[in-house]
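Novice: One letter stands for each residue in the lines below.
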Amino acid sequence: MDLIDRYLNAVAAQLPQDERADITAELRDLILSRFEAKEEALGRALTEDEQEAILREIGHPLVVAARYRKGPDSLVGPELFPYWLFGVKAGLMVLAAVFALTLFIRVIGGSDNFGQDIAQAFHGFFGAGLTLIGAATLAAAIFEHQGIRPAFLTRWRVKDLGAFGLADPAAWGMSMTGTEPAQATKPSWMPRRRASTWPGGEYLFSFLATGMFVLWWIGVIHFPGLMSIELRGEDALVRGAPIWSILFGPILLYAFAQMAVDLASLVRPYAVRARAAARIVVAGAGLWLTWVIFEAGHWFTLTRDGETARIAGDWTMLDFDTLRNLGDGARDLVGIASTLSVVMVWVLAISAISLAFRVLADLGRLARGM
Amino acid sequence: MSLDPDLYESMRLELRRGSLVLAVLACLRTERYGYTLRQALAADGLEMEESTLYPLLRRLESQGLLNSEWREEEKRKKRFYVLSPGGVSMLAALADEWRGINASLDKIL
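First to last, the protein sequences are chains A and B. Just so we're aligned, residue 1 is where the first sequence starts under the working numbering, counting upward by one. Just so we're aligned, residue 1 is where the second sequence starts under the working numbering, counting upward by one.
Worth flagging that the hints you see were computed from the coordinates, not collected in a lab. Where a beta carbon is used, it is the ideal one built from N, C-alpha and C, also for glycine. Mixed in with the good hints there might be a few duds.
Unchecked claim - Which stretches of chain A does chain B cover? Using the computed rule of at least three CB atoms under 8 Å from a CB of chain B, they are:
#1 29–35
#2 56–67
Unchecked claim - Per label pair, the in silico range of CB-to-CB distance:
#3 B:GLU97 - A:ALA367: 24 to 30 Å
#4 B:LYS107 - A:ALA271: 48 to 54 Å
#5 A:ALA139 - B:GLU14: 16 to 22 Å
#6 A:GLU39 - B:LYS107: 48 to 54 Å
#7 A:ALA139 - B:GLU97: 27 to 33 Å
#8 A:ARG44 - B:ARG99: 25 to 31 Å
#9 A:LEU42 - B:GLY100: 42 to 48 Å
All chains, full assembly: derive it from the sequences and hints.
Specialist: Spelled out as structure tokens, the structure:
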């Protein structure tokens, strides 16, 4: 096999099957024409080095073949790149906030190995961050390859742009508190109108947070330290009860449904009635899940040195005396499990009440349309 | 202030990129194959890499602006390209646009 065949084989391997023969035949003619022109100029046959130099001038086989490709020549093209960058920045900020919060909880929980906690937080953040970047790039590559342009990229409106300010962490506080930056240029005598808050910010945050939960739920990302608690300087392992395995699918579906509602709300933040109807259905599913989890009565098991204690409970714990005595119990494994059981019962109860209120509020929105 | 050579090169290439299609279409009013087309462009001062020219020819053909056929010449099969009727109209329209841009730029410059 001579140089030309070897070169053309390398090009051909990158080309679509149906065009391969045609393109390589044309390239062969080009190469031979170049060789002949050079031989004519030199008045002799070319050496192998001279032939190779011409092939190098024509280009590396991967580059030459890539020029014939009909699809996009980048994973994230210039049109999608700003959206990719925003998604990655916002996602990384949410991740940083989650890991900082986890670290904070461990530190105030009396961790005696602060250095290890920080290392775990950094390790977890970088792992989850790389997964996020990979997932965002994969999504963008699919969009690029399939030529998909979601409506919220092409039919945007100026009033929908508020959430993009959230890429600046300084805007988070303002967004959460509803405060505005000082308007030094506005005369004090002019009436101050509160800027209407774009509801999309809430949906974007909910979408990203639920997305993070889904990634954790299916095991793509891990939050180090989440399933262990510090007990007198020793780690106690937290194991989920069978109810979580039974409800794995329904909880995943519930999270996907929540994300779908958030995404639809991002695309059409002012479609109030449709969103309210969807949220009622999702909240109803949430209420059912909360009920099933509550009824299971056993949620986690703590294990340390072969000793186990159940985090479990029922309706009898839903009284204020039990809540008032929270934390008064023993500091051993059983005492901690007992405290956590009360916490879990109240968390489930409050979750059910907030879901019920959400249903009522959305029923109102459905009726009023605003 | 001295000229940044890298920046100049990138802006020069950007400036040339759009005009190359017009030059290729204009050159193919006469039937040619890839190698002689490249030589003709180079003779008029428009050097073009083969890895750019050949895929461009295929793209223009797939857009219906060129016709091509394989024929034997100098004991070798070569692919000859020429403007299609659609290519002739497109060339006329683009040439008008080019002259308009040129006239405007001449006034500005």
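Novice: Quick check: does the Cβ-Cβ distance between A:GLU39 and B:LYS107 fall within 48 to 54 Å?
Specialist: holds (50 Å)
Novice: Using C-beta distances, would you say chain B covers the region 29–35 of chain A, given that this needs three or more residues below 8 Å?
Specialist: With 5 residues in contact (Cβ-Cβ under 8 Å with chain B), the coverage given for the region 29–35 of chain A holds.
Novice: Between B:GLU97 and A:ALA367, is the Cβ distance one that fits in 24 to 30 Å?
Specialist: violated (58 Å)
Novice: Do the Cβ positions of A:ARG44 and B:ARG99 conform to the proposed distance bound of 25 to 31 Å?
Specialist: violated (47 Å)
Novice: Do the Cβ positions of A:ALA139 and B:GLU14 conform to the proposed distance bound of 16 to 22 Å?
Specialist: Once the Cβ atoms are compared, 30 Å apart, the range 16 to 22 Å for B:GLU14 and A:ALA139 is violated.
Novice: If you check the beta carbons of A:ALA139 and B:GLU97, does the distance land in 27 to 33 Å?
Specialist: violated (38 Å)
Novice: Taking 48 to 54 Å as the hint, is the beta-carbon distance of B:LYS107 and A:ALA271 inside that range?
Specialist: holds (51 Å)
Novice: Could you see if the CB distance from A:LEU42 to B:GLY100 stays within 42 to 48 Å?
Specialist: holds (46 Å)
Novice: Verify the coverage statement for the region 56–67 of chain A against chain B, using a C-beta to C-beta distance below 8 Å and requiring 3 or more qualifying residues.
Specialist: Held - the region 56–67 of chain A has 5 residues with a Cβ nearer than 8 Å to chain B, which meets the minimum of three.
In summary, the structure is inconsistent with hints 3, 5, 7, 8 from the numbered list given earlier, while agreeing with the others.
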